[in-house]
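Protein chains in written order, with my numbering: chain E, 7 to 352; chain H, 717 to 1256.
These aren't lab readings, by the way, just hints derived from the structure by calculation.
Just so you know, these numbers come straight off a predicted model, no measurement behind them.
Even glycine gets a Cβ: it sits at the ideal position worked out from N, Cα and C.
Hints may be right or wrong, so weigh each one.
In silico DSBU-like cross-links for lysine-lysine, where the CA-CA straight-line distance does not exceed 30 Å [unchecked claim]:
no.	chain 1	residue 1	chain 2	residue 2
1	H	Lys1160	E	Lys219
2	H	Lys848	E	Lys309
3	H	Lys847	E	Lys222
4	E	Lys90	E	Lys59
5	E	Lys307	E	Lys286
6	H	Lys1160	E	Lys284
7	E	Lys44	H	Lys762
8	H	Lys1252	E	Lys44
9	H	Lys1160	H	Lys766
10	H	Lys1160	E	Lys210
11	H	Lys852	H	Lys829
12	H	Lys848	H	Lys859
Not the full set, but computed from the structure, chain H residues with beta-carbon under 8 Å of chain E [what the hints assert, rightly or not]:
no.	residue
13	Met931
14	Pro932
15	Ile934
16	Glu936
17	Ser1182
18	Leu1183
19	Val1185
Single-letter residue listing:
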Amino acid sequence: MIHLTINGLPVSVPEGTTILDAARSADIPIPTLCHHPKLTPYGGCRLCIVEVKGINRPVTSCTTPVAADMEVATTTPAIEGMRKTILELILSDHPNDCMVCEKAGDCALQELAYFYGVRENRFDGERRCYAGKDRNPFIDRDMEKCILCGKCVRVCEEVQGVGAIDIAYRGFNAKICPPFEKDLSCEFCGQCVSVCPTGALTGKAWTQRGRQKDIKEVDTICPYCGCGCGITLHVRRNEIVRVSSREETINEGWLCPKGRFGYTFVNSPERLHVPLIKEKGVFREAGWDEAMSLIVSKLGKIKKKYGPDAIGGLASARCTNEENYLFQKFMRAVIGTNNIDHCARL
Amino acid sequence: MAGLATVFGSGAMTNSIPEIENNDALLVIGSNTTETHPIVALRMKKAFRKGAQIIVADPRKIDLVRFSALWLRHKPGTDVALLNGVMHVLLKEKLIDRDFISERTEGFEAFRKSIDSFTPEAAQRITGVPKKDIIKAAHIYGKAERPAVFYTMGITQHTHGTQNVFAIANLALMTGNLGRESTGVNPLRGQNNVQGSTDMGCIPNQFPGYQRVDMPSIREKFESAWGVRLPDRPGLTATEMADAAHEGDLKALYIMGENPVISDPDTNHTRKALQHLDFLVVQDIFMTETAELADVVLPASCFAEKEGTFTNTERRLQRVRRAVAAPGQAREDSEIIMELSTRMGFDMKYRFMEEILREIGRLWPAVAGITYERLGMRGLQWPCPTHDHPGTPYLFKGGFPRGKASFTPVEYEPSRELPDNEYPFVLTTGRQLFQYHTGSMTRKVAELNAVAPTAYVEINARDAASLRVADGDMLTVSSRRGSISLQALISERPADGVVFIPFHYREAAANVLTNPARDPICNIPELKVCAVRIEKAGAG
C-alpha cells in the first residue's frame, strides 16, 4: 500500500493507483470530462489537474500514479482558476443551446459550467461548423457539441472491440470520424452514446420525448437474449422514451443495439388490446368473460371426451419465472397432463 | 441441457458471465457470440485483451474470429469428429488430469478406447480442419489453467446434438476443467428467460427444479403441495405435440407467448398441424403468425408491464419491474392463468408475485433463499438454498450432484440430410444482431428494421460466381420441404458450399426449408444442417 495525503487527509491505496482514483476512493471530488473508470486514462480534458508538493507545475491526476508520501492538493485558487479557464475555452466553441439540448440536466459540461459560474465568453472567435447529418437510424451526432474527450473512441475500441471511429486531423480541425470519414463499421451498440459527456451523441429515438422532468426511471431486465442485461426504462406519461443501463449492473452498463434501441415495440399500435374470438374464419373482438368462458368450456369438453393428454401447452421463454410456474401448474394440476414444453430447443 | 444433466447431474452454465474475463483459454464452438450474446462477447473480448487465447470453431468466419488465436472452420455437423480429434491429441500427449479422472469421474477406459480411431488425420478427413490446427487447439486448451468451453445452438440443433454435448463434457472431464472459477462448460441460452422456463418445469418430463414427473416420491411432494393427483407419464415435447396434432391425437393447444410457425422446423408442417387442432388458444402481445391460426387470442402484457423475475443464461434471477400500463384490456399472463384455473375449478390465487416465488422455493430448494428484496441490482445465482446464502457463481466446486460424472463414448454420425446433386448446398440457420428470434418484437421497431430490413441468404463470392449471382439478386432457395425467395448477400463468412439464412423473417422464413429430423434423446430439431438448392428467382 502507498500512503499519501490528499488535501491534508491521509489516504492509503495499492501501488499503481492514480491520484484521481485515490482521491475518489476517499470521496474527494475532482472534476473530469474525459475520464471513465472502465477506460484507459487519457489526460485530454486537463480538468483533473492537481498540485503535488515538489512538482512545480500542475499534474493531471487521471494519468499520474500515486507515490509514497506524496502531498496532493486538489483544490487551490490557482488550480480552480485554471479549471475555469479550461471550461471557458471549451465553451467558447460550444453551442449555447442547452434549452433545447437533449442532454440538458444530465450534461457533465453544463454541470461544470454551472458550478464554475461560466457565463461570458471571453474567447469569442471562430467556431467549428459541421454540415450534414448521416442517415443512421440510431445515433444523433451533433458534432458542434463534441469536446473531443475521446471517450467514444476508447469505448468503441476497448470495450466493443470495433474501433469504428477515431480522432482525425489536428488542432482546430480535429474531429471524431470513421476511417477516411466514410468507411463506418459501426454495430450501433450505442456504447459511445452512453459515455458521451455532452449532447454530441444522443439516441435519435429519444429526441424531444422528454429529458429529466416528469421522467420515471424503472430498473428492469432486457427482454431479448439470455445475457440478462440490467436496463433502466425512462418513462414519461406511460411511454418508454429511452433505455439506459447503470454501471452497477452485471453488464457494467453496456448494451447492444436491440437492448438500447429496440424498445418501441412496447408502444406499437399493433399491440393486441382486446380478446379476439374467431368465427367463420374471421376474428371479432370479445370481452374477457366471453373469451374465458369459451376456453373453459372447450378445454373441458375435449378433456372429457379425449382425456387430458389430448391437450398440450407451450409456455414462453419471454414470460417471467412466476408466469411459467403458474402455466405448468395449470397444465399439470388443472388440465392433468405433462404435455408442457417451450422453445428451449429452438 | 439433457446432455449436461446426464453427465453432471445438472444442466446449465457452470460459470458466470463476469468470470469470462479471467479465462486464459476459450473454446467457442457453435456460437456466433458477438451477434447472439453481444454482452457475453464483450467479456470474451476483455479476456482477449487480458491475454486469453480464443479458439473459434465455426463453419462461418464470424466476427469473433478477429479476436481468436485459432479459427477452426469445420464442416457443419462434424463437431464430434473435431472434438474427438482434439481429445486424441490430449490423450496422446498426456495433457489430462489423472487425479480428477480417478476421483471424480467414471467410464474413462471405455471413453479412451472410443477415441482411438480419431487421429488428427482422421479428424481432418471428416472435418476439413488441417491436422496442425487440431493439434494446436489441443495445446491451447490442454495447457491452459483456466479454460472454458462456450456453445449455443450450433452444437445442439443437430440430430446428434446430445452427442455433441457429451463430447464437450468429455473434453472438460478428461482435463479436469470443471468446478473451478473461470473454468467449465457453458451453454449460452438464447432467450431472456429460457433458463427460467426450463427451471420452472415447463418441460414434459420434469417438475420445477429438474424433478422427474415419473418418480413417485417427487410426484407425491407436488401432489401434496398442490392438493391434486398429478399425471405420472412424461408428456410430449413441442415438436412431438406438432406431430400429435398432425395425427389427430392432440386436440387442443394453449400457447402462451410463443410463435412456433416461425421458430419451428418445417413451417408448412407446423402450420398444418396447428390448423388440424380442434381448438387453439394463443396468448401473446402481437397478432403473430401463430396467433392468426388461433380460435381465441388473448392480449397479454409485455416485460415492461409486469412484476416478476427472469433467470438469465448464468442461472441469475433478476427483478423485472412494471414501468408502464398494458394497452387496452391486455392483462398479465399470471392473472389470466389464475382466473382460468379458478374458473376450471382449481382455486389458484396469489396476492402478490413474490408469493409464487416462495411456493417455488418450498418445492425446489435451490431457490429457497431468494427473495425479491435480496435480488437488488445484480440478482442471485441458483443454487441459493438459504436466506444467508450468497448464491453460486460457479457449479461443482465440491463435486457433482450425481456423485461421479460419467464419460460418454461418442461416435461421429453425419447429419441426416447431406448435400447431393439435387440439393448441392448445406444450409445453416441462425440469428443476426439487429433482429430477434421470430421478429415479433424487433420487426415492430423502425430503427432496427431500417438497418436489417429484409431476409437474405449469405453466400461466398466463389459460390456466387459459379451460380452467376450478384450481391442483392433475388434467389429462390429450396429444400425437400419448401422454398423461399430472398436476396443474395455475398460475404466472406460462409465456406464453399455452405449458405446461411437468418430465421427472423416471416416473408422468407428459413424454417420453411429446415429439416424437422430430431435428436433422439432431447428431441431438438436439426436446424443447423439441411440440403438446399439455389436458383435465381424467376429463372424457372
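Hints, verified against the model:
no., hint, verdict
1, Lys1160(H) with Lys219(E), "holds (28 Å)"
2, Lys848(H) with Lys309(E), "violated (61 Å)"
3, Lys847(H) with Lys222(E), "violated (59 Å)"
4, Lys90(E) with Lys59(E), "holds (22 Å)"
5, Lys307(E) with Lys286(E), "holds (20 Å)"
6, Lys1160(H) with Lys284(E), "holds (24 Å)"
7, Lys44(E) with Lys762(H), "holds (11 Å)"
8, Lys1252(H) with Lys44(E), "violated (50 Å)"
9, Lys1160(H) with Lys766(H), "violated (39 Å)"
10, Lys1160(H) with Lys210(E), "holds (16 Å)"
11, Lys852(H) with Lys829(H), "holds (22 Å)"
12, Lys848(H) with Lys859(H), "holds (16 Å)"
13, Met931, "violated (13 Å)"
14, Pro932, "violated (15 Å)"
15, Ile934, "violated (12 Å)"
16, Glu936, "violated (14 Å)"
17, Ser1182, "violated (29 Å)"
18, Leu1183, "violated (28 Å)"
19, Val1185, "violated (25 Å)"
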